[in-house]
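Order-wise, the sequence lines are chains X and E.
For the first sequence, our numbering begins at 1 and goes up steadily by one.
For the second sequence, our numbering begins at 1 and goes up steadily by one.
It should be emphasised that the hints constitute simulated quantities derived from the structure, not laboratory data.
Just so it is clear, CB atoms sit at the ideal spot from N, CA and C, and this is done for glycine as well.
Do not take every clue at face value.
Said to hold, decoys possible - Computed Cβ-Cβ distance ranges for the label pairs, DEER-style:
1. Phe18(X) - Leu159(E): 25 to 35 Å
2. Asn213(E) - Ala183(X): 18 to 28 Å
3. Asn23(E) - Arg277(X): 37 to 47 Å
4. Ser202(E) - Phe40(X): 37 to 47 Å
5. Leu152(X) - Thr64(E): 49 to 59 Å
As the list claims (entries may be wrong) - If the Cβ cut is set under 8 Å, some of the chain E residues that face chain X in the computed set are:
6. Leu55
7. Thr58
8. Leu159
9. Pro162
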Amino acid sequence: MSAGSLSRRPARAPWPRFLGRAFTHLVLMGGGVLMLMPFFWLISSSLKAPYEIYVFPPKWIPDPPRWENYAEVFQVVPVFRYTLNTMIITFFATLGIVISSSMAAYSFARLRFKGRDLVFSIILSTVMLPFAATMIPVYILFTKLGWVGTFLPLIVPAWFGGPITIFLLRQFFRTIPMELEDAARIDGASRPRIFFTIILPLARPALTVVVVLAFLHNWNDFLAPLIYLQKRDLYTLALGLNALQYFEGGLDWTHYVMVMATFMVLPVVVVYFLAQRAFVEGIVLTGLKG
Amino acid sequence: MQTQAVSGTAASAPRRRFWQRLNFEETLFGWLFITPAVLGFLLFHLGPVLASLVLSFTRYEIITPPRWIGLDNYQRLLSDDLWFKSVQVTLKYVILFVPSALVTAYAIALLMSRNIRGIALYRTIWYLPSVVPVVASAVIWRWGLNPEFGPINYPLKVLGLPAPRWLTDPDWIIPSIVFISLWGLGNTVLIFLAAITGVPRSLYEAAEVDGANSWARFRHITIPMTSSIIFYQLIVNVISSFQVFGVAYVLFVTQPSASSAGPDNAALFYVLYMFRNAFGYFRNGYASAMAWVLFVVIMLLTWLLFYSQKHWVYYETEGGGE
């Protein structure tokens, strides 16, 4: 993190500055507590007995915590199946988007050919395209292919690259010195070879960013699975969680819903903390420009 | 913060001559490497948008082939009360959410840009909710906002304040969804923070020498220097707000063909209604017409915002790196 941007002002009286700092801490801390509260509430509810969820005033700490909830949920919902499905989709979709986007990004960043920048800006402009505008024809396309009710509609499009991923990787590839590539060219290395042995290894930080963002996107996705995976044994965690709260959903199942929500949120939070730096870089980079 | 553009420096002039001889090879691999992306654009973006335009002039229910009916779908929209309802709901959300999100995020980013202790921790915490899946966040808040047992109404009741029936009172449903969305504000904060900390300090120092107070510095340096990011965030947030779907679906819809979305259809967002037409009732032509109206509205708005930017967005002449 770079140092704070507001410069020190020596001529100022000490009191307002102290108050300013106290105010800043107060707001950020108060807001921070509000941000964290739902996580606490989620975990706390997942350890409650059904009746404890319906007490007033709300109980923040279950007494005693019902750890059994976490075992019982497996008998109520095929959590393993849902997790496996989510992992398969997330893995193959992430793999696809990273491979094809990095190829395109390499080309856009470092190869010179006619029409390159025009094609790049056209592809990038699809960021602005509302998904609603393409949803129905794409669905019809996959229906005609007989892919509805399989994982293919969720995986295959990723293999055609994604504009934001391409943009992010292109920005990074442009920072790699051209001289490295020139030297390899003079030694007779082919383009694909340069790409795989020089560019990709150097781009590891950027690839991490992209993998993390793609993981999050696929793991969290709701609309696409909802459209394409209509059979219960194909459900992802998101669909399973949504179904659980309605289907079985009588009042007494809320604690299981919370357990399952915890299952879904936990990997995301872990990945967030593990890859936080890469993650923040990605957000900042993608946020700056579409 | 900003990635440096390396190509196009003075040193590249002799190299360019060298490359010109190899131009065929470069063109070949250049196109080869972007082939998947170009196909993806045609198959999943350009093709579908055009197809959706054509479909919007047809009656198409998947089982029977599409039949041309001209502007009928568009005319039907105008007499469809639910369509008007969905427009209303969506506009209400956009108008409530976008300004409150941008102003709050900017204010928080300003606070975070100060050189204070524990800033890294604050950033981590504030960002965390942004990674939570939308389904999980809806599930959590459904209970958090429960009027009887939820922790949000508890302090309100204790203080004797009116405790709204958040998700069951039609008037409170949109504010509730705005509230839930604001929980995930962290990514906007982060982007603003990056922009604010990227403003050159020398500008502030110079202004200080000229005797500018902190308000003047904020007004005449911070805001203009970050206006391109504010502008970008405005567009991104408007586009995404028009397309709210997940939260509303998880909170209020039990089945694709469910006949309502919340009490008095107060959560019937535009895309939700479109989804119901397409995947609940299989009215693909009608839903495509809805999609195109949305597309055109978003395009017009984006265009208007782009048009407006010359009046308020400041770009450095050198900036951008492109």
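- Item | Numbers of the earlier hints that this structure fails to satisfy, in rising order | 2, 5, 7, 8, 9
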